[in-house]
Amino acid sequence: MTSHLGLMVVFAAMTSAVFAVIAKETVRDQLRAGLRLFAAFVGGAFILGWLMYFIPL
Amino acid sequence: MPAGVDAATVRRSPFLLILLAWLVPGAGHFTLGKRQKAYVFAGVLPVMFICGLLLQGRLFPFVPGDPLVALASLANVMAGVPYLVARLFGAGDGVPTAITYEYGNTFMIAAGLLNTLVMIDAFDVFKGRK
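If you read the sequences in order, they're chains A and B. Last residue of the first sequence: number 58 in this note's numbering, and the count goes up by one each step with no gaps. Last residue of the second sequence: number 131 in this note's numbering, and the count goes up by one each step with no gaps.
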C-alpha cells in the first residue's frame with residue numbers, strides 16, 4: 002500500500018489501540034477511548050491538511 | 002520464558018519483568034495476569050514493526066555524534082524481539098528513494114516507543130500503582 006491516507010489510517014488505528022488499552026481497564030472503556038483517539042488522529046490530520054493547503058509554499 | 006524462570010519468579014523481580022516486557026511485547030502484562038491487554042500489545046506492536054519493514058523503512062545505526070539518529074536507533078531497539086530478529090536476518094536496510102520510506106521509519110520508531118510505554122505500564126502494575 003502506498004496511499005498516504007491509507008497508511009495514516011493504519012498508523013492511527015494501531016497507535017489508538019495501544020494508547021486506549023494502556024489507559025483504560027475495561028474492554029468497553031478501551032473501545033470508547035480507542036475510537037475517540039482514532040477519530041482525533043484522522044480528523045486532526047484532515048484539519049491540518051486543509052490548513053496547510055491554504056499556506057502558499 | 003527462559004528455562005528455570007517461572008511466572009512467580011518474574012512477579013517478584015522488576016528487572017526480569019521489564020526484561021520480559023521489552024523482549025516480547027505484552028509478556029509483562031501476561032505475567033501479571035492482565036491477559037486481555039497482553040494479547041492486544043502482542044498482536045499490534047510486532048505487526049506495526051513488520052509494517053515498517055515492509056514499507057522499506059530503515060533500522061537506524063547507533064551514531065552518538067548524530068543525536069536524532071541515535072534516538073531513532075534507541076527507539077528501534079525498544080521494539081524487542083522483532084528488532085532482534087530483523088537484525089539477525091539483515092532486514093531493515095531501508096530504501097530512501099521509496100515513497101513509503103518515511104512511513105516505514107515512523108511505524109518502526111513508534112512501535113519501539115509504544116513498547117516502552119507498555120513496559121512502563123507493566124512496571125506500574127507490578128508496583129500496584131494501577
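Hints are not guaranteed to be accurate.
PhoX-like, lysine-lysine: derived pairs with alpha carbons at most 20 Å apart [what the hints assert, rightly or not]:
no.: 1; chain 1: B; residue 1: Lys131; chain 2: B; residue 2: Lys35
no.: 2; chain 1: B; residue 1: Lys35; chain 2: B; residue 2: Lys128
no.: 3; chain 1: B; residue 1: Lys35; chain 2: A; residue 2: Lys25
no.: 4; chain 1: B; residue 1: Lys128; chain 2: A; residue 2: Lys25
no.: 5; chain 1: A; residue 1: Lys25; chain 2: B; residue 2: Lys131
Since the hints were derived computationally from the structure, they do not count as laboratory data.
Hint by hint, here is what the structure shows:
1. B:Lys131 - B:Lys35: holds (11 Å)
2. B:Lys35 - B:Lys128: holds (14 Å)
3. B:Lys35 - A:Lys25: holds (12 Å)
4. B:Lys128 - A:Lys25: Holds - the C-alpha atoms of lysine 25 of chain A and lysine 128 of chain B are around 17 Å apart, at most 20 Å.
5. A:Lys25 - B:Lys131: holds (10 Å)
Checked against the numbered hints above, the structure violates none of them.
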